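Asks: Starting from the given sequences, assemble the full structure and let the hints guide the process.
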Amino acid sequence: MKSVSAVAILIASTGLANAATRVVLPTNVTPSHYDVSIATDATHLTFTGSVKIDVAVKQPTKTIELNAADITFGRVSLSGVNGAPKVTFDPKEQTATLTFPAPITAGQHVLSIDYKGKIYQQAAGLFALDYDTAKGKKRALFTQFENSDARRFVPSWDEPNKKATFTLTATVPANEMAIANTPISATDSLPGGLKRVHFAASPKMSSYLLFFGLGDFERISRKVNGVDIGIIVKRGDADKAAYALDTASAILPYYEDYFGVKYPLPKLDLIGGPGSSQFFGAMENWGAIFYFERDLEIDAKTSTESDKRNIYTVIAHEMAHQWFGDLVTMDWWEDLWLNEGFASWMELKATDHFHPEWKVWMDAIDAKEGAMRVDARAGTHPIVTPILDVLQANQAFDTITYSKGQAVIRMLENYAGADEFRAGVRNYIKAHAYGNTVTDDLWREMDKTSPRPVSQIAHDFTLQAGVPLVRVAPVVGGVRLTQERFAMDATAKAPLSWHVPVLAQSPGDKAPWRGTVSKGAPVQIPAKPGVVLNEGQAGYFRTAYDPASLKAVAARFVNLSAENQFGLLNDTRALGYSGYAPLTEFLSLAQQTKSTMDPQVQAAVAARLQGIDTLYEGLPGQAAFRSFGRTLLDPLFAKVGWDAKPGESQNTALLRETLLDALSQFDDPGVIAEARKRFAAYLIDPSHTTPDTRRSMLRIVALHADAAMWEKLHTLAKNGKSAMEKDELYRILGTVRDRALAAKALALTLGNEVAITTRPSIVRSVGVAHPDMAFDFVTGHQQLVMSWLEGDSQNQFVPRVATGSNDPKMIAKLNAYAKAHIPATARGDTVKATSAIGFNAEVRAKRLPEIDRWLAAKRGE
175 MKSVSAVAIL
185 IASTGLANAA
195 TRVVLPTNVT
205 PSHYDVSIAT
215 DATHLTFTGS
225 VKIDVAVKQP
235 TKTIELNAAD
245 ITFGRVSLSG
255 VNGAPKVTFD
265 PKEQTATLTF
275 PAPITAGQHV
285 LSIDYKGKIY
295 QQAAGLFALD
305 YDTAKGKKRA
315 LFTQFENSDA
325 RRFVPSWDEP
335 NKKATFTLTA
345 TVPANEMAIA
355 NTPISATDSL
365 PGGLKRVHFA
375 ASPKMSSYLL
385 FFGLGDFERI
395 SRKVNGVDIG
405 IIVKRGDADK
415 AAYALDTASA
425 ILPYYEDYFG
435 VKYPLPKLDL
445 IGGPGSSQFF
455 GAMENWGAIF
465 YFERDLEIDA
475 KTSTESDKRN
485 IYTVIAHEMA
495 HQWFGDLVTM
505 DWWEDLWLNE
515 GFASWMELKA
525 TDHFHPEWKV
535 WMDAIDAKEG
545 AMRVDARAGT
555 HPIVTPILDV
565 LQANQAFDTI
575 TYSKGQAVIR
585 MLENYAGADE
595 FRAGVRNYIK
605 AHAYGNTVTD
615 DLWREMDKTS
625 PRPVSQIAHD
635 FTLQAGVPLV
645 RVAPVVGGVR
655 LTQERFAMDA
665 TAKAPLSWHV
675 PVLAQSPGDK
685 APWRGTVSKG
695 APVQIPAKPG
705 VVLNEGQAGY
715 FRTAYDPASL
725 KAVAARFVNL
735 SAENQFGLLN
745 DTRALGYSGY
755 APLTEFLSLA
765 QQTKSTMDPQ
775 VQAAVAARLQ
785 GIDTLYEGLP
795 GQAAFRSFGR
805 TLLDPLFAKV
815 GWDAKPGESQ
825 NTALLRETLL
835 DALSQFDDPG
845 VIAEARKRFA
855 AYLIDPSHTT
865 PDTRRSMLRI
875 VALHADAAMW
885 EKLHTLAKNG
895 KSAMEKDELY
905 RILGTVRDRA
915 LAAKALALTL
925 GNEVAITTRP
935 SIVRSVGVAH
945 PDMAFDFVTG
955 HQQLVMSWLE
965 GDSQNQFVPR
975 VATGSNDPKM
985 IAKLNAYAKA
995 HIPATARGDT
1005 VKATSAIGFN
1015 AEVRAKRLPE
1025 IDRWLAAKRG
1035 E
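Residue numbers for the sequence shown follow our numbering, so the first one is 175 and each next one is one higher.
Since the hints were made in silico from the structure, they are not lab data. One or more hints might be untrue.
Quick list of the computed label-pair ranges, beta carbon to beta carbon [said to hold, decoys possible]:
#	residue 1	residue 2	range
1	H207	K892	45 to 51 Å
2	A664	S801	30 to 36 Å
3	K1032	K622	55 to 61 Å
4	R600	K667	39 to 45 Å
Remember, it's a predicted structure, so these values are computed and weren't measured experimentally. Beta carbons: idealized from backbone N, C-alpha and C, even for Gly.
Replies: See the structure below:
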């Protein structure tokens, strides 16, 4: 692999990468307004529609090409043109070409199309979600159009840079609530128990942001800064919506102040739907944000502290999109990170503002670690990456776009200064409101407000893939810093160079050293023994200390800040996995963990030990490693215990959940016995079990279940009081360690007992402990499993099921599956999965024996 050339950087940064070869619509005809009318038939999963589109024809043409998928046309006409066009569909490209008898004159026209479409049972286009009530099953309708499924709802120019305004009219049952991006402007009563609902015109926006919903809903609301904020949920769930309303009401003014632009719509609805998706949890439709219930609603009987934090951050994420993504939208999918990376960063900034006690920037360090693992192996891609078609665009919704994007933004804010960075963001939003941008539009504004030039560093981290490695070696009076590329496999070792912002903090110094480190330009800085690189851990790079420097830092480990403890643990583990240093250096640091340390650091140690244990599956050394894990974690758990203590922090509650999961995985007899005891009491009277205890208890019981215990859990799932509870319990059934019971969990997906959107989640749950079994199940029922999934998930699902395998034979099996079933432009997840499988196999063969010897030596001490 060659490093990115200067020409490639220039092309990518101006948004022109592969423009000539993109699969996009012609630009000779563009829309400015859609007037859409629909009538739904939820019972038969169909709808009828008509649309009048104001279009500008730039030069005479006989053809108009637009997007359409799974819809059939009736009458088609164009104002000022006599005669109907010939309509030709291209199902592969999802287009319809209208060929008229004579050339169309340049100028303004109205294109009118009558059509029919289908209502899906997966979250794509207009889709239905069924749920149980005391009066029987009910069905609600919603839409999901990102990245490119508006074309399943209305014939359209379904590309992000073809912005237009929309009006929507819907003929629906009179007793149901209809929702769209904007408020209702008028309602007409119709015979036959129907009504016609007219919605106000939308702002100029991309087609993927259009929304329609319909069902037996109720809405709670509050006026904030003149905006009507509403939470819309299934009838009977209003008491679960208060937390979301309080959260959204606090965040809206904060965002208006941060971005320097008022929220531009009169209302903002957050809409909850039952079920789940393998592709997304929430969607930022302008003025009508959709969430699956678990990302919006708090159930007092089942929702944990972890659920509450997740809901808060997801709400913050989607609301940030109302500015970054909706008001200002990327020009094409290669700049998707302008939406998702910024929303991922902004969710943390807003959450930290209102809940500093949660320490969510520590969560950001964890997310960055996940991105670095992907970014150091085959299958990674630059943050700004060429996208040729909508199938490839689906691949961009990944940890590089979200988590690396967020990490790079945090690094750049730390480099430029928070106030200066915000000034650049405000200028960017104001300059490009209601328009489309490429990444360099943002950097230009940042360069104007930052005291230090941003563009060069930003280009280094967004236009090329990979992770920098900064080495630390002692010299007289300080340390010498050099740079190379960190790689976890041979394919990622092509040489690259970054301008890396570095903060180095020496013991006792009041302020850190600040500078940049580049490849081929070693930097010597004054430093004392025990100097910590990447102070605060805002930088996106690995640090490798020479043995003497690491020994000095490790001696200070318990006294370092929580952020630096977290970073040192992450770097030593990654370097050990990859052969740069002994993996036992990580274990030696982990042994220093104390119950007085920050709960998030303790949780990180437990989670990383779990990761190593997973790699041990089936190996003789696993029992000794689990014994080591129990010895290390038992004292930490002894302090937090099973039950919450008065006044404890939310982070302590999250630590308890992590420790219980880890000790269960390590076969801790006391933890397993107590979980079973509590489960027996829960079956008699669940009212005495707190939501957090309930979640951990159920997971432990499920993992270690025998046939009788599994059937008790199965009965709970069948009798779940809500769609959200059923979804949770069926997922848990799939986590069982016993292979025969895991097979029973998979068999549940073949009948009608389990909701369609929950079935893939069971398969994924089985795939955690039994990836090979889950893979074989999916390939054996390929067409059926694909019918459960929205199109965006179909090319990703099987690679993600297989990615946890430690068996090198899985690589050939997965590649064969991809060749048969996944288009060439959509195999990014396949490459990532095969890379992860190969890496896991190498760690098992080369690194775990090193741990075995270390543990044996410790037992002999």
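Asks: Just to be sure I understand the hint, the distance between the Cβ atoms of R600 and K667 should be within 39 to 45 Å; is that true here?
Replies: Given a distance of about 41 Å, which is inside 39 to 45 Å, the answer is holds.
Asks: Please test the hint of 45 to 51 Å on the beta carbon pair from H207 and K892.
Replies: holds, 49 Å
Asks: Is 55 to 61 Å respected by the C-beta to C-beta distance linking K1032 and K622?
Replies: Holds, at about 57 Å.
Asks: Between A664 and S801, does the C-beta distance stay in 30 to 36 Å?
Replies: holds, 35 Å
Figure legend: structure checked against the earlier numbered hints; every hint is met.
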